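K.L.:
Position in the sequence shown counted from 1, then plus 7, gives you our numbering.
Don't read these hints as lab results, they were simulated from the structure.
The model shown is predicted, which means the values in this text are computed figures rather than measured ones.
Ideal Cβ positions, reconstructed from N, Cα and C, are used throughout, including at glycine.
All clues stand as given, with none of them false.
If you anchor each label on the Cβ, the simulated ranges turn out as follows:
| id | residue 1 | residue 2 | range |
| --- | --- | --- | --- |
| 1 | H75 | T10 | 45 to 51 Å |
| 2 | D48 | M8 | 18 to 24 Å |
| 3 | V14 | R89 | 43 to 49 Å |
| 4 | I33 | A13 | 17 to 23 Å |
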Amino acid sequence: MQTRNAVRLDEPTRLAAKTLAAKLNISPSEAVRRALVHYRDEVLGVPADARRRRTAALDRLFVLFEGHDAAEEIRKLKEQDRHW
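Construct the entire structure; sequences and hints are all you get.
P.N.:
Here is the structure:
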């Protein structure tokens, strides 16, 4: 659920939000929201539930790639990319 909050931005910060929004194809408000969450995670660390989800995803990847040679996979992908 979102709630409306008013935040005053100085001109450089407003331009930063606008630039990020354009680059990511999102609204300036969404750019500010994402930046704030990213900064929180940088300062305080990733929340426990997000860490659990990431760990579960990584464990799943280990299972999916078990027995595969990562270097060979990368070589094949680079070879395919050269033909594009």
